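These protein sequences, in sequence, are chains A and B.
The opening residue of the first sequence carries number 1 in the numbering used here; numbering runs sequentially from there.
The opening residue of the second sequence carries number 310 in the numbering used here; numbering runs sequentially from there.
You may find that some hints are simply not true.
[Unchecked claim] Computed cross-link-like contacts, DSS-like style, restricted to lysine-lysine with a CA-CA straight-line distance of at most 27 Å:
| id | chain 1 | residue 1 | chain 2 | residue 2 |
| --- | --- | --- | --- | --- |
| 1 | B | K505 | B | K592 |
| 2 | B | K382 | B | K395 |
| 3 | B | K437 | B | K318 |
| 4 | A | K199 | A | K241 |
| 5 | A | K199 | B | K318 |
| 6 | A | K87 | B | K592 |
| 7 | B | K592 | B | K382 |
| 8 | B | K382 | B | K437 |
| 9 | B | K382 | A | K87 |
| 10 | A | K199 | B | K505 |
| 11 | A | K241 | B | K318 |
In case anyone wonders, no lab produced these hints; they're calculated from the structure.
The structure displayed is predicted, hence computed values, not measured ones.
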Amino acid sequence: MRELPPGAVEHDRSRRARGSDRSRSDKARTRNHDGAPHTRIDAQTQGCSEAKDCRETEDHSDPKPTQQVTQAAVAVERLEKTLGANKVLRGISFEAQPGEIFGLLGPNGAGKTTTLRIICTLLSPDAGKVSVLGFDTRTAPAEVRRRIGVVTADIGVYPRLSARENIEYFAKLCGLEGGELARRVDGVMERLDMGSFAKQRAESLSSGQKQKVAIARAIVHDPEVLMFDEPTSNLDVLASKEVREFMVEAKGRGKCVIFSTHVMHDAERLCDRVTILHEGQVVGGGSIADVRGGRRDLEDAFLELVDAR
Amino acid sequence: MGSAWVVYKKETREILRDRRTLMAIVLATLVAPLTLGIISQVSLQTATQTYTIGYSGDIPTGLDTLLRSTGLKLESVADPKAAAEKQIDLGIAFLPGELDEYYDPSRQSAVLVDIRLQTVLAQYNAAKAAAALQQRGVDPGILTPIRLVSRPLSSPAEAASNGFLSFFLPYILITMILTGGFSAALDSSAGERERKTLESLLLTPAPRSRVLLGKIGAVTTVSLAAAIAAIGSMLFALSRISLGGSTFHVNLGVSATVVMIWLALLLAISFSSLTLALGTLAKSFRQGQAYVTPLYFITIFPAAITLFIPDFNPNLAYYLIPILNAVLVLRDAILRTQVDWAHLVVTTISLGATAVISWVAARYLFTRESLLTKS
């Protein structure tokens, strides 16, 4: 990982402060009844009746961002979702700003992954609303997907393609071509220090190298919003450190980074603000300092909030 | 169409690097020459094989020479019936004015000897009768009041070749289109889930229907490649071997070739969509195989119908049945070297509808929400 000074992860105080300041300056943010922040959005009620139809929308009509009081990078409002017989989300709301690492915390089964999947348009909400940089996930899914990059714990890559070919494939699907394509691919590979295994088939890469491929393909189109869903759960210590460094670096570039994890230590080190989910509901949120309060660390605060339910 | 083309190129590249698919194509190429080579050798051996006849009694003069000239070895035995049950192929007992024959019809060698014996006896009896008539000053032609003069419109070799092709070519074409794309289709659908690349793929701005279109295109290409390789190698092998002593006359004809390509394309699109649809239901390659294998058995029976009923000539309504219609149209194009347009149109509508239904099913399954939540 280049362009990152040593210790940036542990003591990126100035950037964190910048992010916090910026988030605090968003005066239009309001609080919902759960205590989590949300933004009032002028509703464009042209919802799709079927999620799959919405996902197929090509956005040829040059959709405009939803008009809103402030432009949060990601705004989630009273989100509900049922999968099978399981009500996974029960009206959660939060918003994440550009230039911050926003933590989505919760135990397994809390609804973190479902929330992220709704944000990135893979699932549609049963109720509530999500907008990414002003684009509604239901009416402009393709525009949303153009503006997000997602890294998950499942670092699936195409084994018979080289590392570079894997990245190129996703870049092309994001609409990049010609010189711009080569420039972007070269750029992310250099940024993630992937030169030594660029031509190597993905099947022969280590987990850490595969995770770099997964990150590279998620950011090759330079998205404004990056979402990391338990990105380090399958990685060793060194590879995990590189992922954390990358998140901090992305934040420094002004990206909105949403970090979903149940590892409180990671969240405490990296996040500017967090929302804590439990059984599909928001049980707490705010800056790390706010959530921690007088407790020893974020984990204690987390356990207290979760146990209270 | 840009994203579909991107997916097509990537899938094709991956398929060409997949050992399983390459092995399937190589096997498809080798299986026809190997099988035909073995059949050729066996038929040659059968034609020149010497069989043993155990006999008792006195052999009529000249008959022994005729029997030996057709590869039948004579061996004197005490009990022809007992001998036919054990060590020899067929037993005969010469009695005054009668020839008793003992053989086991369940033994192929006994059946072959029986045919040869009957042929030789017919010639012997005819020669004896002709000689007796001539001795009495009667024209032997009296024995054949109507003489059949055959004037075949095609050479026997050509007829045999067309007959063989009309049986086997549709069968090979259909099975190879289906099996040639199996691995690629499953790798492209269930494999995406198994490798955990599906979510990343669906996160791109490319519409899912175009992603699916690219995948179907790639699988169709591989299916066609496997079928072309199999048929090409089969035609090549046929031009080099002889069956039952006669050389094959391979001439597919322009109309049969065009019909074959057209039907192959429609079948390949249908099969690709169908196997991809089934593959998207599976969580792993192995589970996908379990889903897709029944499709092979459903396909194989209509594909093989002309093997069992060579002269199957149904009415037009039967041409609505997918696969069966392709077999029949292709058979007729090879045998009659002309195309029945009504049959072809109905077949095209039927296969086109199958392709559309398969596409709609695949699109529905590929765009449903549970594609991710159930993985």
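Starting from A/K241, check that the Cα of B/K318 is at most 27 Å away, please. Outside the cut-off at roughly 35 Å; violated.
Restraint status (C-alpha distance of A/K87 to B/K592 at most 27 Å): holds, 24 Å
Between B/K592 and B/K382, is the straight-line Cα distance small enough, at 27 Å or below? Violated. B/K592 to B/K382 sits at ~64 Å, over the 27 Å cutoff.
Checking one constraint from the list: CA of B/K382 to CA of A/K87, max 27 Å. Satisfied? This hinted pair is violated, its Cα atoms lying about 86 Å apart.
B/K382 and B/K395: Cα distance at most 27 Å? Roughly 16 Å separates the two Cα atoms, so the pair holds.
Verify the proposed pairing of A/K199 with A/K241, using a straight-line Cα cut of 27 Å. Since the Cα atoms of A/K199 and A/K241 sit roughly 24 Å apart, the hinted pair holds (cutoff 27 Å).
Pair hint A/K199 and B/K318, alpha-carbon separation not exceeding 27 Å: holds, 18 Å
Tell me if the straight-line CA distance from A/K199 to B/K505 falls inside 27 Å. holds, 21 Å
Restraint check for B/K505 with B/K592, where alpha carbons must lie at most 27 Å apart: Within the cut-off at roughly 10 Å; holds.
Given the hint that B/K382 pairs with B/K437, does the C-alpha gap stay at or below 27 Å? The given pair, whose Cα atoms are some 22 Å apart, holds under the 27 Å limit.
Given the hinted pair B/K437 and B/K318, is their alpha-carbon gap at most 27 Å? The hint is violated at about 76 Å.
Consistency with the previously given hints fails for numbers 3, 7, 9, 11, ordered from lowest to highest.
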